[in-house]
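Novice: Each chain is listed here by its residues.
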Amino acid sequence: MRIGVVTFPGSLDDRDAQRAVREAGGEAVALWHGDSSINNVDAVILPGGFSYGDYLRCGAISRFAPVMTDVIAKAKEGLPVLGICNGFQILCESHLLPGALTRNKDLHFICKDQELEIVNNKTLWTSDYQVGQHITIPLKNGEGSFQCDDNTLNMLESEGRIVARYVGENPNGSRNLIAGITNERGNIVGLMPHPEHAIEDLCGPGTDGLGFFTSILKAMVK
Amino acid sequence: MAKIIVEVMLKPEILDPQGQAVASALPRLGFNFAKSVRQGKRFEIEVDGEPSMADIEKAAEVLLSNPVIENYTVRVEK
Amino acid sequence: MAKIIVEVMLKPEILDPQGQAVASALPRLGFNFAKSVRQGKRFEIEVDGEPSMADIEKAAEVLLSNPVIENYTVRVEK
Amino acid sequence: MSLDTVKNATNTPDNSQPFAELGLKPDEYQRIRDILKRRPTSSELAMYSVMWSEHCSYKSSKVHLKQFGEKAPKSDALLVGIGENAGVVDVGQGYAVTFKIESHNHPSFVEPYQGAATGVGGIVRDILTMGARPVAVMDPLRFGPADATDTRRVLPGIVAGVGGYGNCLGLPNIGGEIVFDETYIGNPLVNALCVGVMKHDEIKLAKASGAGNLVVLFGAKTGGDGIGGVSVLASETFGEEGPAKRPSVQVGDPFAEKVLIECSLEIFAADLVVGIQDLGGAGLSCATSELASGGTGGMQVELDRVPLRDPSLSPEEILMSESQERMCAIVEPKNIDKFMEICKKWDVTATVIGEVTDGERLIITWHGEVIVDVPPRTVAHDGPVYQRPLAKPTYIEEVAKQTLDLPMPASAAEIKAAVLKIVSAPNIADKSWVTNQYDRYVLGNTVQSQPEDSGMVRIDEETHLGVAVSTDANANWSYLNPYEGAKLALLEACRNVATAGAKPLAVTNCLNFGSPEDPGVMWQFAESVRGLADACLEMGLPVTGGNVSFYNQTGDVAILPTPVIGVLGVIDDVRTRTPMSFKDAGLSLYLIGETKSDFAGSEWAYLHGQRGGVAPVSDIPTAMRLNDLLVAGRTEQVFVAAHDLSQGGLAAVITEMTLKNGVGAKLNLSNAAMDLLSETPGRVLVAVKDGAKLEALCAKHSIPVAKIGETGGDSLIINDATIALTELRKAYTETLPKLFS
Ligand SMILES: Nc1ncnc2c1ncn2[C@@H]1O[C@H](COP(=O)(O)OP(=O)(O)O)[C@@H](O)[C@H]1O
Ligand SMILES: [Mg+2]
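In order, the protein sequence lines correspond to chains X, L, W and P.
Per my numbering, the first sequence starts with residue 1, numbered consecutively.
Per my numbering, the second sequence starts with residue 1001, numbered consecutively.
Per my numbering, the third sequence starts with residue 2001, numbered consecutively.
Per my numbering, the fourth sequence starts with residue 3001, numbered consecutively.
The shape of chain X in the complex, shown without the other chains:
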């Protein structure tokens, strides 16, 4: 199973995403923002970071990277894509996912271990979790507040497209405590917290994040 991890200028958690893929038993393939294609990897991860310095709007400039043309086209045909943090922002800017991620309500960058509830395990990236399962993984961003209009919110809720919610106090002002969402088809997932930083006990809050990576590997052998 070859999972591509795209590195944009300013990507930071790309190596960590690759490590997570390997920990889960997959093969991590480094993709470059300037590449014209994703050279037939089976899935793509858009990693966290500050691509293009988060200037203008997070993900607004990366969205137009050459490689994104191929990512967007194939994602629409069902290619599994996981956007983590900055990757989630890029997916929203690319309109592969609805809504947008805006400044945290207290205007600070937040780095903390965040409890989440998995509310949809039908996506290609969450099948290894139970619905209602609580996991704790790092949240670290300055613009993680999920915002959208009421219609979009109702659609996401009614179609069960919310993947994970924050548990406890709303850390950043996201509507309906949304931490992650998916598209109709369930192949594209955007998640604000960082599962790739919760894959070993030593350097993160446990291993709760590994499920996102094992899920996709299982989904692809099926």
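Because the hints were derived from the structure by calculation, they are not lab data.
Source: prediction; values computed, not measured.
Among the clues, some could well be false.
Simulated crosslink set (DMTMM-like; lysine to aspartate or glutamate; CA at most 20 angstroms straight-line) [unchecked claim]:
(1) X:Lys105 <-> L:Glu1013
(2) X:Lys76 <-> X:Asp201
(3) P:Lys3503 <-> P:Glu3538
(4) L:Lys1011 <-> W:Glu2057
(5) P:Lys3583 <-> X:Glu159
(6) P:Lys3583 <-> X:Glu200
(7) P:Lys3666 <-> P:Glu3636
(8) L:Lys1035 <-> W:Glu2077
With chain X held as given, fit chains L, W and P with the ligands onto it using these hints.
Specialist: For chains L, W and P with the ligands alone, coordinates are given in the frame of chain X:
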């Protein structure tokens, strides 16, 4: 050489924590004139020659603003 | 009810990484009209009654802008 | 103003020049004329003035810093010593680690966000310049009183700046300090530390050798940033009304730096540079003169090739500009195409601005005319050296005579009140309001970060080799006794590293003081350096580098002498490190080390407005045995948890240990007030399963140890005083958010 101004503001229904922060800071400093504050972006673009307004509108729409949460206005400054 | 607009821009001599990033992104999207881009802030302040312009100027200077690196302009919108 | 060429300078020897405005003394100006055997051109004058400033030439501190070299213990671990951008130590398995602290105090007072941000950016480039991949940062900070209005302006900005820049670079922040004291109002201290890792054969040096090799400037374009800043900022004391000369501040672009880091590391990996230097203080003046004098001496630069952000800059300004995110490399012609290719890949502007030449002169031209023709050593290294007058300040004897009069809690109610008072004090209270604004996870190798005693990162995923770093200063003790204060700061930093189980290996420092023109301040400085050098010698630890920041004073009020000491330790298997806290009930709590009545300079004394008394005196042999004990106890897995006692004493430590995992503790103390609040150095609180094993270990290292309680429950019980953890947590965590949210 002309200067183009693009102003981008969050849509009214979208939460604006920065504007709110300013609104609540003002009274603390003894300024009580503000009923509400919204914070947005302002771009000053220097252009040479006569660029097509259509181009600039397009750039404002696809790059400088995010239609999901923001509105924009474009004007040429004399 | 009047609306006050405060525009805050980095002083010309101060580096503007955001504006630079936009300026270099535009051509990649096929927009070649921009010679330079500066990005600043725009505040829309709703006020009731007739606030003293002096107050608003003061607020712009001490809170809305950072005089060390930024300039501001204040105007009332009809 | 017409171009002042060398020819012009020779023909107009008597033109008067503004050397004083540039911070040069008449005799310094005369020396320049003697060196050049003519008057300097305006560009040469700019270079000399900025390179001979306090900040760049260390003219007041040099004679004292020498001791770090002279007294230096011989250490096989030291691969690169003082004099380069940062020292490099061998940590085994072929790995080399470089680390250094730098200050950005005055700029952070003027513009907190940008000052702090560019401070981080500067130290990271120093580390990168050594050929290393930066892997972590730390930020020792000092502020005025927590409730002072200016602190409310400065602290949030500085914290946002440290985070804004470091987070965007993808460097985990693994530690630092936050201390509040009146003397820092108007003089906040922003010290930034960076750690970098490389293989031995990847070390790079700042030297321009090999005639015909090319001088390449790459990174951001040059603008008017902080022109003269380096001399003005670091050499002019602040008047009452604020900074005497407000510099045009430098604005950082962390994205540009992140790209510059990746670009440089790819260039290093392809082995495309002969020498490399970052552009920090003094910009091109520093980079060109240091590179040239680091090599054979000859260099020719065409200044008009430098890519400009602001085309109106004059040659003098280009030489002095402190625009951030720039590097200067020496590249063999055969490698230049590959070099440019990599820069293109990363979208980094790179320009050949000159070449290395035979001979010993640095020659800079502007549109073909020679505007600089100097022996580079005279600019970079032969700056003035001052023997500043020293005088022991009169306050030293006075404070030593003062006897402290402090409340000593005895009853259960008093004990409870005292604990809640001290753990809610800004200096002791929970700092997560600050540290939660820093990314501690990025790069995926952070084993320990705040609030552990030291930051720890894994440097090899297969072998689990890692390093631990701690920075410490106890300015209250340094104020009472600068010599002992510096020693005690070193001992504390070492202990913080050893507490986690890492072996102390090397030392860096950032010496923050008032005006060197004040003999009393100069005495504090000299005593601090002497203390640190003596302690390093006795402990066999090399000083690998550091930084000096003078003029931290408002009017004639200087900050407390604040020598921030950074210690790097190595740990062979990070998986076995000793954490600061326990998760289980039923463990025995032992206090290692002896508690005396040490209240001078303590937080308890500070809270009662008393600065006097006699500081503790360091006991280095015992401290070294304790460190060995802590490392041995880790290897033999004797400890479940261990936490170093420092500011706030046992009261602070037991609070942090119980609240970390929400497991309570019960302590039986014979002399509650002293046991809880005294700050006797050289103590560690440990939680163990097997007390006998611990006692044996302590006996073996002949260190006193005593059982003082056990873990468990949902409160902290001290003799007959009971504090519910919920109440303790409230007191400990509410302070900073209340002040700064
Ligand atoms: N307090 C100090 N202790 C040890 N070395 C120091 C100290 N202050 C400065 N140095 C050393 O002097 C040299 C020059 O310092 P500096 O000019 O700050 O270097 P850079 O400009 O690269 O930051 C460096 O090697 C630095 O480590
Ligand atoms: Mg340097």
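Novice: If a hint holds in the structure, say so; if it doesn't, say that too.
Specialist: Status of each hint after checking the structure:
1. For the hint linking X:Lys105 to L:Glu1013, the alpha-carbon distance of about 15 angstroms falls within 20 angstroms, and the restraint holds.
2. Under the criterion of a C-alpha separation no larger than 20 angstroms, the hint pairing X:Lys76 with X:Asp201 is inconsistent with the structure, at around 36 angstroms.
3. For the proposed pair P:Lys3503 and P:Glu3538, the alpha carbon gap of about 16 angstroms is at most 20 angstroms, so the pair holds.
4. With a C-alpha separation of about 26 angstroms, the suggested pair L:Lys1011 and W:Glu2057 falls outside the 20 angstroms cut-off, and the hint is violated.
5. For the hint linking P:Lys3583 to X:Glu159, the alpha-carbon distance of about 42 angstroms lies beyond 20 angstroms, and the restraint is violated.
6. For the proposed pair P:Lys3583 and X:Glu200, the alpha carbon gap of about 18 angstroms is at most 20 angstroms, so the pair holds.
7. Distance restraint check for P:Lys3666 and P:Glu3636: the Cα-Cα separation of roughly 26 angstroms exceeds the 20 angstroms cut-off, and the hinted pair is therefore not satisfied.
8. Restraint check: the Cα-Cα separation between L:Lys1035 and W:Glu2077 comes to about 15 angstroms, which is no more than 20 angstroms; the hinted pair holds.
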